[in-house]
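Visitor: The chain contents come next:
2 protein chains.
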Amino acid sequence: MKGSTRDVKSALLDATDRLLSRNGYRKMTIDDLAAEVGIGKGSVYLHFTSKEDIALSHIDRIIERLKTRLAEIASRKTSCERRLKEMLIERVIFRFDSVQHYSQSLNDLLSKIRPSLLERRKRYFEEEARLFAGLVKEGIEAGEFAKVNVNDTAHALLLATNSLLPYSLSTQELGERREIQKRISALAELLINGLTAR
Amino acid sequence: MKGSTRDVKSALLDATDRLLSRNGYRKMTIDDLAAEVGIGKGSVYLHFTSKEDIALSHIDRIIERLKTRLAEIASRKTSCERRLKEMLIERVIFRFDSVQHYSQSLNDLLSKIRPSLLERRKRYFEEEARLFAGLVKEGIEAGEFAKVNVNDTAHALLLATNSLLPYSLSTQELGERREIQKRISALAELLINGLTAR
Chain A
-9 MKGSTRDVKS
1 ALLDATDRLL
11 SRNGYRKMTI
21 DDLAAEVGIG
31 KGSVYLHFTS
41 KEDIALSHID
51 RIIERLKTRL
61 AEIASRKTSC
71 ERRLKEMLIE
81 RVIFRFDSVQ
91 HYSQSLNDLL
101 SKIRPSLLER
111 RKRYFEEEAR
121 LFAGLVKEGI
131 EAGEFAKVNV
141 NDTAHALLLA
151 TNSLLPYSLS
161 TQELGERREI
171 QKRISALAEL
181 LINGLTAR
Chain B
-9 MKGSTRDVKS
1 ALLDATDRLL
11 SRNGYRKMTI
21 DDLAAEVGIG
31 KGSVYLHFTS
41 KEDIALSHID
51 RIIERLKTRL
61 AEIASRKTSC
71 ERRLKEMLIE
81 RVIFRFDSVQ
91 HYSQSLNDLL
101 SKIRPSLLER
111 RKRYFEEEAR
121 LFAGLVKEGI
131 EAGEFAKVNV
141 NDTAHALLLA
151 TNSLLPYSLS
161 TQELGERREI
171 QKRISALAEL
181 LINGLTAR
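Respectively, the protein sequence lines represent chains A and B.
Numbering (this note's numbering) for the first sequence: -9 to 188.
Numbering (this note's numbering) for the second sequence: -9 to 188.
If you're looking for bench data, these hints aren't it; they were derived computationally from the structure.
If a hint is listed, it holds; no wrong ones were tucked in.
Here are the simulated DSS-like pairs of lysine-lysine, each with C-alpha atoms no more than 27 Å apart in a straight line:
#1 K31(B) with K17(B)
#2 K102(B) with K112(A)
#3 K102(B) with K102(A)
#4 K112(A) with K41(A)
#5 K137(A) with K75(B)
#6 K127(B) with K75(A)
#7 K17(A) with K102(B)
The structure displayed is predicted, hence computed values, not measured ones.
Just need the whole structure built from these sequences, with the hints factored in.
Guide: In structure tokens form, the structure reads like this:
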């Protein structure tokens, strides 16, 4: 039973992704979602309390997937400097790719759920910071990084790259993957220079 | 005549600041604004096309004042490293202080004018970037900074600190001036380490 509950929930989030892409957040209704998955409207409320709850869960899932990718990069056998650069790029580009197909309506979604999302983002930030702190610690122990405060540095690295997350980009910028890739790459290098200095 | 036009416009923006603080953006009306300044409602429309136009002009004025401060810091006789650190802190803290008194309703304002503001922010960003590029160039010429690409670096420095601008902060964070000051200071140091390295 538990498995199938999770399947329906997951199917609803997949459908959310498609509907956001097709119609945007404003036009998305619980009825559409139920129809898209082939269940009754009431069943949607077994899993989610509201349309906003669905949108937030959809974003939660993107972040869970991102964390898996970051942990995978962190566990590689390459230098800490290289892994850090790849993790900084991934945290931007993975999110970028996750919302790319509904970039036109992203502003609409974000302005509607802004207050709840800001709260949520604090938690995402702390979870990501733990992954980055682990690598910074490893880099210091390996003698690759200067002896900085691990947690402060992890937070500073995330803060510094937050401005390139989709949330902070305009619709036009969301269309320019190569440009964003160039910017995060240059920024990651500047930050890592600061860590490897001295 | 031109002088008095500017005075009325300026008085309207001062009144906007007070009304944002007192009532928030949603409750602010053109009638209130006119009454606050002691002019007729029609006269407000001689200067501004809409409530949104007023809010955006109010933000424009904050940025103009900030640019004056940044140019002042850039022209000091201290080391480029020190001036750069002070400019990075100023770009965050000056904005922070400018909206501090209506931090409770800032989210409301920002979500209402988000699309126009995102467009506007591109221009602000370029104007600030020119000021920072000037200092980076000076630092390279003085042998203080590594020979980086001046414009790319100016952009990266702004990008890296954008996440601490009020626009990206939650209401709670807007109440924590000391915490924000600590964060921007740590971030500025990491970035400047990256520039002075090698």
